[in-house]
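Asker: Each chain, written out:
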Amino acid sequence: MAYADIRSELTVALVERQVADGGFGQLPGQPSRADATAWASTALRALDPAGSALHRALVRLEEWQQTDGRVPVEPGQAHAVWPSSLALTAWSGIPEHKAAADRTASFLTSISGVHVEPDPEGPVGHDTSIVGWAWTDGAHSWIEPTALGVLALTSSGRGADPRVDEARRMIADRQLPSGGWNYGNTTVFDRELEPTPEGTGPGLAALAGGAPAADVQNSLAYAIESWPRLNTPIAAGWILIGLTAWDQRPTGAEDSVMAILDRSDRFGGYTTEQLSLLALGWHGGMP
Amino acid sequence: MSDEGLTRREFLAAVGAVGAVAALTLVAKGDRPPARSPVFVARAEAYDGRLIDVISAGLVATGLTRSAVRGRNVLLKPNLVEPHRDRMHINTNPAVVRAAAEAFRQAGAATVTVAEGAGHRRDSLLVLEESGVGDVVVEDRLRYVDLNTDQIGVLRNRGRYTDLASLAFPTTALETDILVSVAKMKTHHWAGVTLSLKNMFGVMPGAVYGWPKNVLHFAGVERSILDINFTKKPDYAIIDGVVGMQGDGPIMGEPAPAGVVVMGPDPVAVDSTAARLMGIDPQSVPHLSVASQSLGRLNERLIEQRGEELTPLVTPFRLVPGIPAQDRLRPWL
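Protein sequence lines correspond, in order, to chains L and V.
Residue 23 is where the first sequence starts when you use the working numbering, and the numbers rise one by one after that.
Residue 48 is where the second sequence starts when you use the working numbering, and the numbers rise one by one after that.
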């Protein structure tokens, strides 16, 4: 299928589920929620940056922003701050959303979660002192929210912020000795854990441009090895984002994206998050 | 101390998902448990079609008759932690999910939904596919719901073993008529064992609690297990012990062919029986011990054993010396 056709298919699949208030729910017919809207907005920045659907979604996203800049999953779950990075990415570079983007960037650089000096006798193998970003305010840093934070600050022109550098160090520290990442633990009780595609993609994407290729060779090898068997949108989307960031995009990626899109009815339809990550994988990264 | 007031031990525990077990001096609260709880134990040495008969018999033997199931919406919550086609002892086996779904359908259930909120994995569909449960969902035309991204309903925390005032649950779990925890029989390096009560961790939405359910880990695994189950107790428990996991569970352990299925309406009684079948003292598992004071029955005298005799089926699961949560599980050693 032609490049333009895939863009169109993905765009339509997203836009047709947009809620009347401009936001997105995770599934058609559900009320809008900030996380789904943040994912859809980020994807639409890549798919259809001039479209009215994006404009309405970005406005709706601002309505969820709290005074300190955070954009939580739901207003009543203010600790669940991870959509903030996606919101920043979606707003970045658009003059009418500059104030919102600035507030969220300030929020992201102000939160640090919970970290302590590493304990050599402790059960976990990573350096628990290095700060990235957590899924939830007040928790420990993990791979995907940290990668989303790096990508958001970088895409909004804040790549030189010291938090970006530290976050990359944190991601590098969490890389598994054999290659790849999972959610963010390396060893537990001296047993090396296993990588996952959806952990490895964000790790690779966040380190691109901030680490030498030699540092991620094992992870690239794991991603390349994983790619042919992936047929689900989150894993495939993230691996494509990660490999593209290192100029290792697999041949035939577009056909694979379409094949995955065609499987969407297998379990009753993809969530907005799944569709969005597939779209971002097709695009090859964050907008 | 960290800037959040946690001690280093508590912090490291939370990072690794350890509950602050040593500090678990909990007061029982909640409703009075049933006077006696039926638990059905069946010998099941293979993942084959006979499991449907086993589970159907177990439902009847423990009081979940056709009249209790007919017209009801049933939610099966399997334990899908990490997907590995070559390591089927990690997750609830798809044959058990299929058998449970069919047994409930034969009992007259209006709908059967399979739902999970995988704790470690962000790609729930990949988990579903590689666990083999995806094929069951498709072939048997079951509905599937990703609990991590489902809509949210908030309930007052009825346990209050953690400091969390309320808990966010997926609406699918709140609205179902019969919530079934379809767990795997495993040892666990943080909680000692993971059975039907621990399996309820996977109900909690990752979108709110993070991956792997960070907020609940920081609040304490054992305490969170209690809060979740005091607030939304499963209506029924089925444990896949055909091939369980021993050693460094819940992921890195080795197969434990125990050859059993354990089931019943009281998850504490079911878990306590499963623990005994694993050669583990259920009283030594903190969340079971506390839950037994008001959520369900642990004491053998208060459990109506149905099906097979317990003693011949006991298979002592290997424990890992030096893992604190497992060191305490056999106090007689």
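No lab work stands behind these hints: they were computed from the structure.
Wrong hints could be hidden among the right ones.
What the hints assert, rightly or not - For each label pair, taking beta carbons as the anchor points, the in silico distance ranges come out as:
1. V/S213 / L/E143: 53 to 61 Å
2. L/E143 / V/V201: 54 to 62 Å
3. L/G115 / V/P368: 35 to 43 Å
4. V/P368 / L/P250: 37 to 45 Å
Claimed, not checked - Stretch by stretch, here's where chain V covers chain L in the computed footprint (C-beta under 8 Å, at least three residues):
5. 59-71
6. 190-196
7. 200-212
8. 216-230
9. 286-295
Each residue gets a CB set at the ideal place from its N, CA and C atoms; glycine is no exception.
Asker: Now tell me if each hint is right for this structure.
Answerer: Taking the hints in turn, this is what the structure says about them:
1. Taking 53 to 61 Å as the suggested C-beta distance range, the pair V/S213 and L/E143 does not conform, at roughly 36 Å.
2. Taken as a hint, the range 54 to 62 Å is violated for the pair L/E143 and V/V201, whose Cβ atoms sit roughly 39 Å apart.
3. Checking the proposed 35 to 43 Å range against L/G115 and V/P368 shows it is violated: the Cβ atoms sit about 57 Å from each other.
4. The hint said 37 to 45 Å for the Cβ distance between V/P368 and L/P250, and at roughly 41 Å that hint holds.
5. Look at the segment 59-71 of chain L against chain V: 0 of its residues bring a Cβ nearer than 8 Å to a Cβ of that chain, fewer than three, so the hint is violated.
6. Under a criterion of three residues with beta carbons nearer than 8 Å to beta carbons of chain V, the stated coverage of the segment 190-196 of chain L fails, only 0 such residues being counted.
7. Check on the segment 200-212 of chain L: 5 of its residues sit with their Cβ under 8 Å from a Cβ of chain V, so the three-residue criterion for coverage holds.
8. Restraint check on the segment 216-230 of chain L versus chain V: 5 residues with Cβ-Cβ distances below 8 Å, three needed, restraint holds.
9. Here the segment 286-295 of chain L counts 5 residues with a CB under 8 Å from a CB of chain V, which clears the bar of 3, and the coverage holds.
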